[in-house]
Amino acid sequence: MSLALIQDVASYVPFAAIGAGLAAIGAGIGIGRIGGSAMDAIARQPEMQGKIQSSAIVLIAFVEAVALFAVVVSLIAK
Amino acid sequence: MKTIHFTSIKNLIIGVFFILVATTSTFAASSDSEEEEFDVTNMIMHHIKDAHDFHIMDWNGHAVSIPLPVILWTENGLVTFMSSEFHHDDIGSVVVERNGQKFVKFHEEIYYASEGPNADGSYVTMNADAHPQNAHPMNFSITKLVFSMFLSILLLLWIFGLSARRYDADGVPKGIAKFTEPLIVFIRDEVAIPNIGEKNYRKFMPFLLTLFFFIWINNVMGLVPFFPFSANLSGNIAFTGVLAIITFVITTVNGNKDYWKHIFWMPGVPVPMKLFLAPIEFIGIFIKPISLMIRLFANITAGHIIVLSLISLIFIAKTAWISPASVFFAVFISLIEVLVVAIQAYIFTMLSALYIGSAMEEHEH
Numbered sequence: 001m002s003l004a005l006i007q008d009v010a011s012y013v014p015f016a017a018i019g020a021g022l023a024a025i026g027a028g029i030g031i032g033r034i035g036g037s038a039m040d041a042i043a044r045q046p047e048m049q050g051k052i053q054s055s056a057i058v059l060i061a062f063v064e065a066v067a068l069f070a071v072v073v074s075l076i077a078k
Numbered sequence: 001m002k003t004i005h006f007t008s009i010k011n012l013i014i015g016v017f018f019i020l021v022a023t024t025s026t027f028a029a030s031s032d033s034e035e036e037e038f039d040v041t042n043m044i045m046h047h048i049k050d051a052h053d054f055h056i057m058d059w060n061g062h063a064v065s066i067p068l069p070v071i072l073w074t075e076n077g078l079v080t081f082m083s084s085e086f087h088h089d090d091i092g093s094v095v096v097e098r099n100g101q102k103f104v105k106f107h108e109e110i111y112y113a114s115e116g117p118n119a120d121g122s123y124v125t126m127n128a129d130a131h132p133q134n135a136h137p138m139n140f141s142i143t144k145l146v147f148s149m150f151l152s153i154l155l156l157l158w159i160f161g162l163s164a165r166r167y168d169a170d171g172v173p174k175g176i177a178k179f180t181e182p183l184i185v186f187i188r189d190e191v192a193i194p195n196i197g198e199k200n201y202r203k204f205m206p207f208l209l210t211l212f213f214f215i216w217i218n219n220v221m222g223l224v225p226f227f228p229f230s231a232n233l234s235g236n237i238a239f240t241g242v243l244a245i246i247t248f249v250i251t252t253v254n255g256n257k258d259y260w261k262h263i264f265w266m267p268g269v270p271v272p273m274k275l276f277l278a279p280i281e282f283i284g285i286f287i288k289p290i291s292l293m294i295r296l297f298a299n300i301t302a303g304h305i306i307v308l309s310l311i312s313l314i315f316i317a318k319t320a321w322i323s324p325a326s327v328f329f330a331v332f333i334s335l336i337e338v339l340v341v342a343i344q345a346y347i348f349t350m351l352s353a354l355y356i357g358s359a360m361e362e363h364e365h
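Line by line, the protein sequences give chains A and B.
Read left to right, the first sequence gives residues 1 to 78 (this note's numbering).
Read left to right, the second sequence gives residues 1 to 365 (this note's numbering).
Honestly, the hints are just simulated from the structure, not real lab data.
Where hints are given, some of them may not hold.
Going by beta-carbon spacing under 10 angstroms, a handful of chain A positions derived as facing chain B [said to hold, decoys possible]:
#1 Ile29
#2 Ala67
#3 Leu68
#4 Phe69
Remember, predicted model here, so these are calculated numbers, not experimental data.
Even for Gly, the Cβ is constructed at its ideal location relative to N, Cα and C.
Take these sequences, add in the hints, and give me the full structure.
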């Protein structure tokens, strides 16, 4: 009975889309923190700008990849 | 300076005008024939998957595509024919007969045809989940992705063959070698040496360079939206999986005594913790290549999906007036993708170097 209820709810609520949205929130927080910290670091040591920028971009790519893992799972689970 | 400025603005205006005219006229043409619901998900999924022919465009409702060879290893031996013999059919209604065997194509998979057609005129037998039950021959076809891969290999051979011949007697690069040399030096100095170490890095340079340039050129080719390119090769999980398996094999084969010791009997931690860590570390060996595989696959596939979704906004909103916004965002995302594809190629290479380096590291304790 409970399984039927869950299936019924799942047919109305777009859980896959909600999952993708939650992943986007997480990635947004992560990328924001990386960007903010990189900005702070550049403000303190402007001469290190190049190095900080390149490592920040690589870190952002890592965070983004985690969000994309979630998107792939959402695509499959749809 | 001033004239350049004016010409670029003029070009921009002409470009926007042509985009508007083009989209409006296509729209007029399509609304004349029949009002057919445009299935965005289907179009996008069709694009990111592999195919037996290279679809270029639709012209007056007819698909224009380049046929590619179908190579099958069947029960009666080798069978080859061109994919055009299926006449763009993808629901198994056109039967191709060779060597006394009948083949149908259903959702880009080739099956042995059933005895007779089902209710939809399709020669495949479905089970309850709408999956075909027919047996299928071993498929070694030159599909769209395989074609794209061959093209990228030819391009790489051409670019690097050319740049190898562009050095003068003093070893100074000229022409295209001026472009490739800094990238090779970058992979050596920023990826290989810091991660693998001065002592061992040389052995892995060919692998790392191949990895970087092969992934990069395929990513970039996927971004180019017209015929010989545009295939979603590096967004195919089999492709990224094979690259990850190669990294896995190289890491495992080159693992030294310390590497295996740190996996199965971590030094410096209490025995109960060692028993707890061993399975985690062991699973980690396999998780690393799997994460490499998923990262590249997901990033590139997501890039293709986003660009196509933005273009599809025109067809979802059913008006040409949204096309400036849609095209603007598509170009914007494409420019970000140019950055992303380079970063993904770099990250795949860097992590491969990191894994190989960690397997060869020598500890002092």
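These are the hints, each one checked on the structure:
1. Ile29: violated (19 angstroms)
2. Ala67: holds (9 angstroms)
3. Leu68: holds (4 angstroms)
4. Phe69: Result: holds, 6 angstroms to nearest chain B Cβ.
Comparing the model with each numbered hint stated earlier shows that hint 1 is the single one that does not hold.
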